[in-house]
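Enquirer: Chains E and L, in that order, give the protein sequences.
Quick note, the first sequence lines up with residues 1 to 258 if you use my numbering.
Quick note, the second sequence lines up with residues 1 to 336 if you use my numbering.
Simulated from the structure, these hints should not be mistaken for laboratory data.
Predicted, not measured: the structure shown is a model, and the values here were computed from it.
Virtual Cβ for every residue (Gly too), placed ideally from N, Cα, C.
Among these hints, one or two may not hold up.
To be verified - Sample of chain E residues lacking proximity to chain L, with all beta carbon distances greater than 12 Å (derived):
1) S24
2) R48
3) D79
4) Q92
5) N95
Unchecked claim - Computed Cβ-Cβ distance ranges for the label pairs, DEER-style:
6) E/F257 to L/G40: 56 to 64 Å
7) E/D189 to L/M53: 27 to 35 Å
8) E/K115 to L/V51: 57 to 65 Å
9) E/D189 to L/V39: 51 to 59 Å
10) L/A55 to E/T57: 51 to 59 Å
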Amino acid sequence: MAKRIDVSGLNAYYGSFLAIEDISMTVEPRSVTAFIGPSGCGKSTFLRTLNRMHEVTPGGRVDGKVMLDDENLYGAGIDPVAVRREVGMVFQRPNPFPTMSVYDNVAAGLRLNGKYKKSEMDGIVEKSLRGANLWNEVKDRLNKPGSGLSGGQQQRLCIARAIAVEPNVLLMDEPCSALDPISTLAIEDLIGELKERFTIVIVTHNMQQAARVSDRTAFFNLAAVGQPGKLIEIDETERIFSNPSVQATEDYISGRFG
Amino acid sequence: MDITTDTQKPAPSPAPQPTAPRDKRTARGASRPGDRIFVGLSRGSGILVLVIMAAIAAFLTYRAWLAISEDEANFFTSFEWNPTGSPPEFGIAVLAYGTIVSSVIAMAIAVPVSVGIALFITHYAPRKLGGLIGYVIDLLAAVPSIVYGLWGALVLVPHLNGLYGWLDTYLGWTGIFEWNGGAGRSLLTVGILLAIMILPIITNVSREVFRQVPRMHEEAALALGATRWEVIRMSVIPFGRSGVISASMLGLGRALGETMAVAMVLSPTFDISASLLDPGGGTFAQNIASKFNEATQMGRDALIASGLVLFVITLLVNGGARMIIARRKEYSGANA
């Protein structure tokens, strides 16, 4: 299920602007990898190249290689739609489909992929909502609109929606930045459980969060505004936060800039 | 008011006192002259609308009642229109049928095409092409209805024979599309012309609605592995549904009330034929326009009575649309 991501020599552009330059890294399966770095360093852009969402932005374009086990996501003849069914994503702001019920939100991805019997669908929806630690809170209002939930519940609903289709990788783009501390804690606990089943990559602005949830941490930085973002280093989270091998990482983590 | 008392806490007294009158005035903001003038202006505008509406309704009802009380035939079912005869006999059955049928045809053609154009402009076309098409649609909206009427009578009618023949060959057995070779001055032609006329307004409003679909809803669908069509089905159309209904109602309002273009295309008769392709029939607005000038006092009152019916139909249509929108309110994109 969970797959290894192997990126090599990846550049991403917005039009003619080079946003991130020459990124190579490996993301281990069944682990949490956190991306940290100052605003504008390209960590979100890089995350979006991992499920080919970057090219959805007008002018967005990528060169380089992203291997998911032994399949190049940017290889010839690869359908970006198929990639996104394999690599799920959770966004910064909770975005359940406002016109759909809780149930339909979770079922949305499954309905794209094919036909399911009612009983099968019920089972998957319940399993996904349980997987997102949301089942007990919403089991009595599965047919109410998903947009009626609280912000934290909405974000867990989005996680349930993403894991319902059993992706190989789960990408999270600052999933807690719009949430209160209690909801944040709920999501962080959830990430700890989800890594048993999925490869998880999370972008965060909160360094304590990176330290709490991740196994490995990648630090991104840019030389100056208008310069492309680069990967400075990636290592065990413990090492990054105690004894990083690059001075810039230590400066960032200890709050000397950024 | 409770909130004001809680937050302001005027004096440290054991029991909270009711807010002082001065505080109440400032909280309402009515003490400043600018506020007072603005409140007066906006309230006056609101009342003015109601007064105008009531005046129109009162005028229509009074004159209509004068005519209907003289009417010897059944006002709703009679196929006659002879208000100056003795006894006067007139009914709106033909007009109601013609108005509703031509508008329904217009909607059936215009709504799907408009939604298609709006989706193409906002989600498929390259930006420049979309802009160009939008501009052309705006131009279409600016063409006066008399010009549509001229075009309909001189170009559309003679060129519809092919379509009529085709409909007769393949759908003639239904009876609705039977064609006896007459000129195409029929309700179907009127419906087609009305469809072209209401296309711009429905397209424009739908385009604006589709453009406002939040990016994050579309990305939610994309990230689940939705194709472009699936994104439109999951995010764009549900979000835009109520807007498209409103747009369609604007278009329907225009179709129901369209006068000149209909009068120029239709060859009016006072009967209902089974086939939409038979020349003849009439609509409320067309009938009023073509008869009003030569009508006597009684004839005018009869026409006003028919106008009242059109007014009521329009109100019912709008009310129905509002109900449709309100029914799905909690699922609308507005509370996202």
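Enquirer: A separate judgement is required for each hint: does it hold in the structure or not?
Expert: Results for each hint:
With a closest Cβ-Cβ approach of about 24 Å to chain L, E/S24 is found to remain outside the 12 Å limit, as its non-interface label requires. The claim that E/R48 lies off the interface is violated: its Cβ sits roughly 9 Å from the closest Cβ of chain L, which falls inside the 12 Å cut-off. At the 12 Å boundary, the C-beta of E/D79 falls inside the reach of chain L, the nearest C-beta of that chain being 9 Å off. A beta-carbon of chain L comes within 12 Å of the beta-carbon of E/Q92; the shortest separation is about 9 Å.
Look at E/N95: its CB is around 4 Å from the nearest CB on chain L, not clear of 12 Å, so calling it non-interface is violated. Between E/F257 and L/G40, the C-beta spacing of about 57 Å keeps the proposed range 56 to 64 Å intact. Taken as a hint, the range 27 to 35 Å is violated for the pair E/D189 and L/M53, whose Cβ atoms sit roughly 59 Å apart. For the hinted restraint 57 to 65 Å between E/K115 and L/V51, the CB-CB distance of approximately 59 Å keeps it satisfied.
The hinted window of 51 to 59 Å between E/D189 and L/V39 holds, with their beta carbons roughly 53 Å apart. The given range of 51 to 59 Å is respected by L/A55 and E/T57, whose C-beta atoms sit roughly 55 Å from each other.
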